[in-house]
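Read top to bottom, the protein sequences are chains L and P. According to the working numbering, the first sequence is numbered sequentially starting from 1. According to the working numbering, the second sequence is numbered sequentially starting from 1.
Calculated from the structure, these hints are not laboratory results. Just to be clear, a hint being listed does not mean it is correct.
The calculated DSS-like cross-link candidates involving lysine-lysine, where the alpha carbons are at most 30 angstroms apart (straight line), are [claimed, not checked]: (1) L:K17 x P:K21; (2) L:K17 x P:K15; (3) P:K33 x P:K21; (4) L:K3 x P:K141; (5) P:K21 x L:K41; (6) L:K17 x L:K93.
Computed list of chain P residues with no C-beta within reach of chain L, every gap over 12 angstroms [claimed, not checked]: (7) K17; (8) A18; (9) V55; (10) E79; (11) D129; (12) L135; (13) K137; (14) E149.
Note that beta-carbon positions come from the ideal geometry of N, C-alpha and C, so glycine has one too.
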Amino acid sequence: MSKMAVIGGGEGILVFKAAGVDAYPAENEKAARDILRAVAKDYAVIFLSEELAEKLADFLKRFNESPYPAILAIPSGEGGGYGMEELKRASEKALGVDILFNNK
Amino acid sequence: MARLNVNPTRMELKKLKARLKTAVRGHKLLKDKSDEMIRRFSVIIRKDKALREEVEASMSDMLKQFSAARALTGEEVVEQAFSMPASPMEIDCAVGNIMGVEVPEISVKQQKREIKFPYSFAALTSEADASVDMLVKLMPKLVELAETEKTVRLLADEIERNKRRVNALEYVMIPQLEETIKYISIKLDENERGAQTRLMKVKDMLAKEAE
Numbered sequence: 001m002s003k004m005a006v007i008g009g010g011e012g013i014l015v016f017k018a019a020g021v022d023a024y025p026a027e028n029e030k031a032a033r034d035i036l037r038a039v040a041k042d043y044a045v046i047f048l049s050e051e052l053a054e055k056l057a058d059f060l061k062r063f064n065e066s067p068y069p070a071i072l073a074i075p076s077g078e079g080g081g082y083g084m085e086e087l088k089r090a091s092e093k094a095l096g097v098d099i100l101f102n103n104k
Numbered sequence: 001m002a003r004l005n006v007n008p009t010r011m012e013l014k015k016l017k018a019r020l021k022t023a024v025r026g027h028k029l030l031k032d033k034s035d036e037m038i039r040r041f042s043v044i045i046r047k048d049k050a051l052r053e054e055v056e057a058s059m060s061d062m063l064k065q066f067s068a069a070r071a072l073t074g075e076e077v078v079e080q081a082f083s084m085p086a087s088p089m090e091i092d093c094a095v096g097n098i099m100g101v102e103v104p105e106i107s108v109k110q111q112k113r114e115i116k117f118p119y120s121f122a123a124l125t126s127e128a129d130a131s132v133d134m135l136v137k138l139m140p141k142l143v144e145l146a147e148t149e150k151t152v153r154l155l156a157d158e159i160e161r162n163k164r165r166v167n168a169l170e171y172v173m174i175p176q177l178e179e180t181i182k183y184i185s186i187k188l189d190e191n192e193r194g195a196q197t198r199l200m201k202v203k204d205m206l207a208k209e210a211e
């Protein structure tokens, strides 16, 4: 259970592999979804490249029930600020207002 | 507000009063819980934002290094070199508790990495080493970010759920109970007055008969 995995499209995941994280290449969101379904139980932390996380947002909601696995969208160099966008949404959901970005 | 469908008896009134008391107490408790959760949430989400900004900056640096390595040595060589199994990075997982919400607590196990780079140095340039090294150093931060982000999500869900409970109590349950209690006490008073008049009437009639 105490393992980490990375799922992503680009070559960025190779570095993770060298750092000792299990890497699963996934070219599109369908492949990523299949991999997630298969391995989600085996890992405590799953890094998902940002553009895949964005496309799988609905699918990822089902992991919000239990503390593990923790799925993190990592910027893979090409994605925009999806992770920040998610934070903003969580803040709006919980507090009704966005407390993070409105003072900019 | 609709009133509950109960018989207007003293028994029911007593029961409803007890329920109202519980509901008011529960509402106060849940509201307090909500306030505290929101306070914690805003602290955590601010931390999370700062952490994410930091990690994103380091990540893009790392990826730049890696693309440099790839450009310098050629894609195939890099892919081959990086496909070797590395010594796995291990993490400690526990389950923490914030206001009754189960949250993950993860930390990277401090360990000596005996084989720092799982490839031969002959094949790759130093840019590759640098990128791997940066990622290894970044890993505790990344794991911490995963932990806080998950916590944010779990807390947000719980706050929303709790808010719904508070609202259900405040705007449905409590008004309903109050209305029903009022209805029953009015009804009981009415009955009492009815009985009183009846008695007076009977007394009058008896008095007249006696004359």
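Pair hint P:K33 and P:K21, alpha-carbon separation not exceeding 30 angstroms
Distance of about 18 angstroms is within 30 angstroms: holds.
In terms of Cβ atoms, is chain L entirely out of 12 angstroms range of P:V55?
With a cut-off of 12 angstroms, P:V55 comes too close to chain L, as the shortest Cβ separation is near 8 angstroms.
Measure nothing beyond the straight line between the CA atoms of L:K17 and L:K93; if it is 30 angstroms or shorter, mark the hint as holding.
Given pair L:K17, L:K93 is violated - Cα atoms ~35 angstroms apart, limit 30 angstroms.
Looking at P:K17 again, its CB stays over 12 angstroms from all of chain L?
holds, 34 angstroms
Within 30 angstroms, alpha carbon to alpha carbon, are L:K17 and P:K21?
violated, 59 angstroms
For P:K137, is the shortest beta carbon distance to chain L beyond 12 angstroms?
Violated: least Cβ distance 10 angstroms, not greater than 12 angstroms.
For P:E79, is the shortest beta carbon distance to chain L beyond 12 angstroms?
Violated, since 7 angstroms does not exceed 12 angstroms.
Distance restraint between L:K3 and P:K141, which requires alpha-carbon spacing of 30 angstroms or less:
holds, 16 angstroms
Whether P:E149 stays farther than 12 angstroms from all C-beta atoms of chain L, as the label says:
With a cut-off of 12 angstroms, P:E149 comes too close to chain L, as the shortest Cβ separation is near 6 angstroms.
According to the definition I'm using, a residue is off the interface if its beta carbon is farther than 12 angstroms from all beta carbons of the partner; does P:L135 meet that for chain L?
The assertion about P:L135 is violated, with a minimum of 5 angstroms to chain L.
Hinted pair P:K21 and L:K41, Cα distance within 30 angstroms:
Violated - the C-alpha atoms of L:K41 and P:K21 are around 44 angstroms apart, more than 30 angstroms.
Would the non-interface assignment of P:A18 survive a Cβ cutoff of 12 angstroms against chain L?
About 34 angstroms separates P:A18 from the closest Cβ of chain L, which puts it past 12 angstroms; holds.
Against the hints set out earlier in the document, violations occur for numbers 1, 2, 5, 6, 9, 10, 11, 12, 13, 14.
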